[in-house]
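In case you want the letters, here they are:
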Amino acid sequence: MIERIIIAGSGGQGVMLLGKVLAQTAMLEGKQVTWFPAYGPEVRGGTSHCMVIISDQEIGSPYISQADTLIILNRPSLERFKGKLKKNGILILNSSLAAIDKYAKMQVLSFPFTDIAIKIGNIKVANMAALGCFAAAKKIIKVKNILKVFKSIAPAGNLEILKINQQALEEGQKLNHG
Amino acid sequence: MEKIFKRGESLYDVATHYCPGCGHGIAHRLVAEAVDSLGIREKTIGVAPVGCAVVAYDYWNFDCSEAAHGRALAVATGIKRVHPEKVVFTYQGDGDLAAIGTNETIHAANRGENLSVVFINNAVYGMTGGQLAPTTLLGQKTATSIEGRTKKAHGYPLKISEMLALLPGVCYIERVSLENPQEVLKAKRAIKQAFENQINNLGFSLVEVLSPCPTYWGLSPKESLDWIKLVMRKEFPLGRIK
Amino acid sequence: MAKTKVLLSGNEAIAQGAIQAGCTFYAGYPITPQNELIAYMAKYLPASGAVKGQAARVFIQAESELAAINMVYGASAAGARAMTSSSSPGISLKQEGISYLAGSQLPAVIVNIMRGGPGLGNIAPAQSDYFQATRGGGHGDYHVIVLAPASAQEAYDLTQSGFDLADKYRTPVMILGDGVLGQMMEPVKLSSRKIKTPPVKSWALCGCAGRKPNIAKSFFLREGALEEFNLKLQKNYQIIQQKEQRFEGLFLSDAKVILVAYGTMARIAKSAISQLRNAGKQVGLIRPISLWPFPERAFQIKNNRVKYLVLELSYGQMLQDVRLAVNGRQQVEFLGRSGGGILSQEQIIDKVKKIL
Numbered sequence: 005m006i007e008r009i010i011i012a013g014s015g016g017q018g019v020m021l022l023g024k025v026l027a028q029t030a031m032l033e034g035k036q037v038t039w040f041p042a043y044g045p046e047v048r049g050g051t052s053h054c055m056v057i058i059s060d061q062e063i064g065s066p067y068i069s070q071a072d073t074l075i076i077l078n079r080p081s082l083e084r085f086k087g088k089l090k091k092n093g094i095l096i097l098n099s100s101l102a103a104i105d106k107y108a109k110m111q112v113l114s115f116p117f118t119d120i121a122i123k124i125g126n127i128k129v130a131n132m133a134a135l136g137c138f139a140a141a142k143k144i145i146k147v148k149n150i151l152k153v154f155k156s157i158a159p160a161g162n163l164e165i166l167k168i169n170q171q172a173l174e175e176g177q178k179l180n181h182g
Numbered sequence: 145m146e147k148i149f150k151r152g153e154s155l156y157d158v159a160t161h162y163c164p165g166c167g168h169g170i171a172h173r174l175v176a177e178a179v180d181s182l183g184i185r186e187k188t189i190g191v192a193p194v195g196c197a198v199v200a201y202d203y204w205n206f207d208c209s210e211a212a213h214g215r216a217l218a219v220a221t222g223i224k225r226v227h228p229e230k231v232v233f234t235y236q237g238d239g240d241l242a243a244i245g246t247n248e249t250i251h252a253a254n255r256g257e258n259l260s261v262v263f264i265n266n267a268v269y270g271m272t273g274g275q276l277a278p279t280t281l282l283g284q285k286t287a288t289s290i291e292g293r294t295k296k297a298h299g300y301p302l303k304i305s306e307m308l309a310l311l312p313g314v315c316y317i318e319r320v321s322l323e324n325p326q327e328v329l330k331a332k333r334a335i336k337q338a339f340e341n342q343i344n345n346l347g348f349s350l351v352e353v354l355s356p357c358p359t360y361w362g363l364s365p366k367e368s369l370d371w372i373k374l375v376m377r378k379e380f381p382l383g384r385i386k
Numbered sequence: 015m016a017k018t019k020v021l022l023s024g025n026e027a028i029a030q031g032a033i034q035a036g037c038t039f040y041a042g043y044p045i046t047p048q049n050e051l052i053a054y055m056a057k058y059l060p061a062s063g064a065v066k067g068q069a070a071r072v073f074i075q076a077e078s079e080l081a082a083i084n085m086v087y088g089a090s091a092a093g094a095r096a097m098t099s100s101s102s103p104g105i106s107l108k109q110e111g112i113s114y115l116a117g118s119q120l121p122a123v124i125v126n127i128m129r130g131g132p133g134l135g136n137i138a139p140a141q142s143d144y145f146q147a148t149r150g151g152g153h154g155d156y157h158v159i160v161l162a163p164a165s166a167q168e169a170y171d172l173t174q175s176g177f178d179l180a181d182k183y184r185t186p187v188m189i190l191g192d193g194v195l196g197q198m199m200e201p202v203k204l205s206s207r208k209i210k211t212p213p214v215k216s217w218a219l220c221g222c223a224g225r226k227p228n229i230a231k232s233f234f235l236r237e238g239a240l241e242e243f244n245l246k247l248q249k250n251y252q253i254i255q256q257k258e259q260r261f262e263g264l265f266l267s268d269a270k271v272i273l274v275a276y277g278t279m280a281r282i283a284k285s286a287i288s289q290l291r292n293a294g295k296q297v298g299l300i301r302p303i304s305l306w307p308f309p310e311r312a313f314q315i316k317n318n319r320v321k322y323l324v325l326e327l328s329y330g331q332m333l334q335d336v337r338l339a340v341n342g343r344q345q346v347e348f349l350g351r352s353g354g355g356i357l358s359q360e361q362i363i364d365k366v367k368k369i370l
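Protein chains in written order, with our numbering: chain Y, 5 to 182; chain V, 145 to 386; chain W, 15 to 370.
Same shape as in the complex, but just chain Y:
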């Protein structure tokens, strides 16, 4: 098994964190994993992306030229990365901020992650709704292990943050069953 995921959005949407949580969960499950960020001079704004590879075997290049899955949180990122999806790959798209009209040879899971996050009460957790959607679609990592990772990285004692991220994750997971 090898799964190559490109995660992209605007700076501040939690793209890097999404990738890190994904990578940490895969590590927790005993898989090989690499997380590789774009490290340009942009700090806020602009497009931001990272590449995560999960595998049973030693991973060669951490750079992805053909992705199995794209997780895209805004429109400029869609334009930039849609060409990197392999044939019949999955595009997980944040429909609150981007839309795709015509598509062929890809599976599109388009949901309003930002709106969902706003409804939950914190726009910043759109990334975790997208992660929940990925977990349900791909079944490579278990949601209960994502929750373990949340607990290990959340600021000590901040239960509110933990709770709202968990809620977003679960909402995202449900979407895909509907």
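For the record, the hints were derived by calculation from the structure and aren't laboratory data.
Values in this document were obtained by computation on a predicted structure and should not be read as measured data.
Hints are not guaranteed to be accurate.
Simulated restraints on C-beta separations [to be verified]:
(1) 70(Y) to 266(W): 28 to 34 angstroms
(2) 160(Y) to 313(V): 35 to 41 angstroms
(3) 296(W) to 107(Y): 38 to 44 angstroms
(4) 70(Y) to 316(W): 38 to 44 angstroms
(5) 326(V) to 239(W): 54 to 60 angstroms
(6) 155(W) to 145(V): 50 to 56 angstroms
(7) 288(W) to 142(Y): 18 to 24 angstroms
Think of the CB as a built atom: it goes at the ideal place given N, C-alpha and C, for glycine as much as any other residue.
Using the hints, position chains V and W against chain Y.
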């Protein structure tokens, strides 16, 4: 016969390599005497510069390090941070401290590194053959300012001690001279003060020593001492700066 | 945290490896793509446990790379396990200090997370400082030991080896990575052993109580003295060349084409090899881990029909060492890219097919 004056333990009994009338020999001795009078020889670490005093460690009987040209205060920072309980000092010329090493000098001072600096200002590069120094006086002839230093071509003599005095990390700066025995005694007291400040954890101390270079001033040793008194001191006035 | 794996970038793994190795002094200056290293040291070095026989751990953000390497010179002369890190343009500035360290026989670990050059270049991964790293880099007749990790785990492990080698041979050691290695996060198994006690250094500057003064210096003015010293250095280098060659070999027994690559480039080569092997192609890999000493031993392959393909993120620097090691016995081919582009698996496969 009773011996009433002797070489201190911190100074080796070796022949000097310095030119006749050079101030380095006196300054080396003052450093050694300060170390001995404070009884710190076994906990002192000196940092020698690049310049005429490059082999200062051949004269001092305590641990010493070389430093690349201008980097003495970076090297001293490394040593002092590893051994905060030792007494660490640098001995640097004007080119080393105020030209190629200005950045290291300013930042060590600004960090308030608990170090002592003996800064030898002889207004010229000695080791390389008498070229223009940052402290060369206006009108002073050197190998690279043949007609004398001009404002237009070379800028002004750099008063680095006055500049450093502005920094809050600096606790003590004094300018002294080796022009006569009274001034030498003052220089000795100032150098000792710089070491005492470090022992008392007061921060960065620097003693600027106006020192003769008869060879590259084109003067006799006696004339050189007069030149410090009559000419150099006008640009670089003596006394406590901070 | 002891036995479990943690997700660390190569930069962080190097920093954590240094802490584990008993590094007590770090000075550095920010530059991309190694900023995570200096930030990790700022956060964790002073707070890490005491090292037996050493003063408190010290972190300094220096005013320049020049100052940083010279602080390391002072700290090393004072007996500490000392480190600095930077990326290509900053490493050029440090060369003065590295030459002085070598000339004063002072141990230190210097990390170069390479980026594109020449000049300010860019911040993309590159391997174009190979010449600078393996030929000494500064002035004078010297070498530094150069270790090239290809994963975060190896970055952690080799940094620790680096400190041991530096002390053993009294020489600077360089950890040579690239932007990908520095930035990429991977699981790292941290050592559960207690932090090492660095060796006692009788030559260190710590005050001359009960002994003759120690001098740290690289200046040998007396006639014949420098030659004598340089011969001593050369002898040390010969021992290092005999004892410290490191490499990884893959499928060397049946390979018709052997890829030669280090660091990130070797990872991409491995991906290409697994794809080629699946297609029945007999391709192998030599991955130099020590770049100096260069692992010449790996190239003692008898079959004259074997071909080597050197892969680098440069326009052919390690290539010269491979040619020297092969010494005309076999054909040596080259594929390289530099300036920001990373050589892809597909480009490697195309080239191999042409050569086979």
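Which of the listed hints are broken here?
5
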